[in-house]
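Undergrad: Hints given; two lone chains; assemble the complex.
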Amino acid sequence: MSTSGPLTDDGLVQLLTPAGERVDHPGYSARVAHLDADALRGLYRDMVLVRRFDTEATALQRQGELGLWAQSLGQEAAQVGSGRALAPQDYVFPSYREHGVAHTRGLDLTQLLQLFRGVDHGGWDPEEFNFHLYTLVIGSHTLHATGYAMGVQRDGAVGTGDPERDTAVVTYFGDGATAQGDVNEALVFAAVNNAPLVLFLQNNQWAISEPTTRQARVPLAARGPGFGVPSVRVDGNDVLATYAVTAEALERARSGGGPTLVEAFTYRMGAHTTSDDPSRYRSAAEEDYWRQRDPIDRLEKHLAATGELSEEFRAGLAAEADALGERVRTFVRALGRPATSTMFDHVYATPHSVVDAERAWFERYEASFAGGEHR
Amino acid sequence: MSTQRMTFAKAINAGLRAALERDPKVLLMGEDIGALGGVFRVTDGLAKDFGTDRVVDTPLAESGIVGTAIGLALRGYRPVCEIQFDGFIFPAFDQITTQLSKMHYRSRGRLNLPVVIRVPFGGGIGAVEHHSESPEVLFAHTAGLRVVSPSDPQDAYTMIQQAVASPDPVMFFEPKGRYWEKGDVDTDADPLAADSVLDGARVLRPGTDVTLVAHGPTVATALRVAEAAAAEGRSVEVVDLRTISPLDITTVAESVRRTGRCVVVHEAPVLYGTGAEVAARVTEECFYHLEAPVLRVGGFHTPYPVAKLEHEYLPGLDRVLDAVDRVLAA
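Here the protein sequences come in this chain order: A and B. Just so you know, my numbering puts 506 at position 237 of the first sequence, and the rest follows in order with no gaps. Just so you know, my numbering puts 541 at position 167 of the second sequence, and the rest follows in order with no gaps.
Be aware that a few hints might be false.
[Said to hold, decoys possible] With the C-beta cut set under 7 Å, the calculated list includes, among others, these residues of chain A facing chain B:
no.	residue
1	D394
2	Y417
3	D451
4	T609
5	M612
6	F613
7	V616
8	A618
9	V623
Keep in mind the hints are simulated off the structure, nothing from the lab. Think of the CB as a built atom: it goes at the ideal place given N, C-alpha and C, for glycine as much as any other residue.
Same shape as in the complex, but just chain B (with noise of 0.2 Å):
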């Protein structure tokens, strides 16, 4: 096993470098990908490496780079593309989710579209506005989308390589928050034999008083709620969704019957959340198992604020910390 320990995005970069070995007809296409590497360098390196027909600096116009994967797609091609923020996608979303999501379906069957969209996405870097969006439930919304979101490089790693295999379109969310967070890489593991791929949530840390639910940037957040709730004697169970679109609420709801009491925390504001998904499933499968209501934690029914405000908006170590005190109260 060549175990390597590297950021989470040079563990993207690692997995992208994969796929483009693997498969001659995977693609890199976005802004400033080629010879810069992206902005937050997630594609450095691969322009020389492989090539600019291959690692494609595109115009810069969303709608565009979706359009044209698209078009590759159905030439053969699969297209990995790169939106630079989170806050621009919206100029992507009828690409997305009246062409890409829905030929599959409308062609019944008959053409395959996959396409892989990587979006930075979250906040905690202060950045200017438009730069620290959570929309991946906009596009979990919509059928045909598989909407996915590794929390460590590992399954960073590994996820990402999953999504370019897959014959479904993905929406690839990056916590950018955590891009230059360290972890072991196992390089050698074939990303492809796993059981559930890109349709599994994991039980992250065992727990019996509270069931933490998180995806991508909270994940590390929920680890350290389970870590300062340990101190005060409670056992929080920290669950990793890794894919929003499915939902594998059958992982979730199997924890929540031991433990009678749940929490879902999100950077996305919690109306119409990740968080009431869960919420309203747990609730119609584990009703019987509930101590108490199921909790949300996550972003306000506000615009993104601006950067000095942030930490406050953000759901934190505190505030998750004060939801697990108030579910265990209940």
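Next comes chain A alone, as it looks inside the complex (with noise of 0.2 Å):
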């Protein structure tokens, strides 16, 4: 590992090394202090629940009933951490990549493939999960979480003293993000507006081909300051840590002591997306030390070792993640391609003459073909 510039592991919060160690850290032991062995096991079932989700996708990508999918292999306690570290009423603008957040916020990870299957451009209602669709232009949506932000503050919903009030956003994007004009304008209207937001950075260490070296010559948290923005560098494959931090962040939005920037520093084990081969640009003996610092394999050397991970559990989730994978495979087999004229649903809230006329002439031109819809 590099000892300066943006991969460097300097500063990083720990609380669980790669051996599955507990260490103590000074400023976030506590956050993490009233987390039981019971706890403990449900991050760890979180985690590898996601991982199968994950593997099932790309293996029904594989065979062609996805037309894309996009890992999120070994972010899982990047993802979780965070996510569990949320309150009901906060909300999370999220980029494409978090499926192990999604999880967290109660949305059943099967409705995550609509949009991959290409029958949905998004899959969920956002309210519902106070999880808002996935965005694939690259950083656009840590606006609309600064944004949200904004509305909250002018609701009343930030230090108020009310846990069931106080309402933090959190928005995540990667390394690359960090390189695009609205992350940093996002860094800008969070600051001067003092919202309360979480800006989580995984920097998962490449933006498909390129490195985070293409996007920084510093370690990414330290653009925070700059900005007026307190950041923390955290392991982002230690549970507990990203936990931990989270948990001070949303603390701090919601009690109205402003934004934070987060930087997990991950990596992914896996592909961009299913279209990626990072065999072109990347060694194995890269992959090879990331694959030792598993964020699963940490936790479950700990629970291991503390004697909390007993067979019956094991089999139970082992038996938990068969299940979740064949519901994955059947729910996304049965997937039809929706009705042709839902093409024109929803363009406009009001009518609109143009598509009106463009769905009449075109359910007219359907109606032409004998047999009904012509396809």
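TA: This is the structure we're talking about:
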């Protein structure tokens, strides 16, 4: 690992080593002190299920059932740890790889697959889960999150001291996105408005084929203070540490302390998407290095070493993962083609004479073919 | 009825004031719109009366303005963004075309984005470059956006309130060259009671020989053309489109079926412009009523020229009259 530059591991908050040993951190240990063995098994279960889901989705793409898949492999701790720190009223603006966060918001993971199956541009009701639709244009949604947080302020849902009212907004983005103007504008707008926002940056070290060294000369978290936004670097493969730093940032946001930039230093163990081929631009040695730092393995080692991972629990979780896999496969294969006319639905919320006329023309055209809908 | 004489800019100001009074969720956001009242003073006095939480001076970043407006709308607010000048809208082009326009669609109607983007547009004020552009068609080409342009103070007052009340995103193009022109504005009429809110052209001056189609800043030009043509015994019917998306071709086609001739005028370049769309649709709908090809008058396929040449670039009285002559000669 580098000792300087954007890939240094200097200054990373860590509470669980790759060997599965708990370590103290003066600022953050207290944030996870309440997590008992049950809670740790819960985080472990979350990560195992999310990885299984990701594995199934990747396989479904290879079988031609999905047009594309963006793997979350390796980023489970960053996503589950931060997601489990959220309160129900908090609102999330994800990028497109935050399957682990979606899981923590109570969204049935199968719903994520509609976008990648090509049957829906979204797939769920954002307001039901306080989890916005995936955004594919890199970084655009960080401004939406900032604006949403400005709305939260105007609603008086910050700094009241009521834990069920005070609200934080979290936006997820990657190392590549930090080069985008929108992310920098989000930092400016969030800072000057003191918005209740957590900017959760997953530095997975690769923006498709471009390493973080093509986006930055300094650790990405170092950018925060220049905007007046406090920042913290955390071991993104440590679910306890990501939970702890996110909990702190959320508390600052909800209490009126303003935005925080969290850089979770992690690794994209899979490809960018199923259309990508990492062997063209990175080494097997690098992948091996990070495989030794697998986020699930380290919690598993810890639970096993402390005698908190019974065979019964393992067997139960394995069965649950198998059932999820089966459900994912069945769900995806049953997702049919939407009716053609739905193409014209919801272009506008109010009637638009051009869309209405084009829909009417198209329906007449379709009806002109014998046997109903022409395909 | 309470009719007041006011400038175009004041009419928008009055419409925004009415919108702010009507709905506490309405916010104005933009550069210099607070204490200064905007570079054209359109928001004059509103920050003082409604506070800086509702009339927000933003950082100088157009993508940030529109992007945060989207977030505010998702939280239940109705932001009205001011883009300082037409030529400065492009940093926000991504947010407008990939995000704002598509959110309702991609959420299958679950999410509405009632965001208005006000854009002072058009030339004729002797400005430096990037201050005189007419980019309305770039937005009309994107599904999900309503694109409108009022042409007189009454419509400005009414349409800005209709835009704010719309659950759809609205691009509101204000002809900046007309900001200081005065007109009568009835401030008592309910702006939301109109039959065809933000979806209806209007015949401003009846005529029998030629249909002259305009929108925004060229409507006043078209009315002057009709006046001048009348002195030569030619009867020009003036249609004000008011909305570019949707495009009310019905009103235009009804007119052309009566006159048999059509000229379209706008400041934006002719190539791929509103005139091309109107001409194509008029040809489809009234081919057998046409006595001559539809003609277009507008900007050239050049960057907007230096101020000393803009008089020749813009479709003024002479060039539009020339087109009227040509379409009648055919």
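Undergrad: Could you run down the list of hints and mark each one as holding or not?
TA: Checked hints:
| no. | hint | result |
| --- | --- | --- |
| 1 | D394 | holds (5 Å) |
| 2 | Y417 | holds (4 Å) |
| 3 | D451 | holds (6 Å) |
| 4 | T609 | violated (15 Å) |
| 5 | M612 | violated (10 Å) |
| 6 | F613 | violated (10 Å) |
| 7 | V616 | holds (5 Å) |
| 8 | A618 | holds (4 Å) |
| 9 | V623 | holds (5 Å) |
Hints 4, 5, 6 from the list above are not met by this structure, while the remaining hints are.
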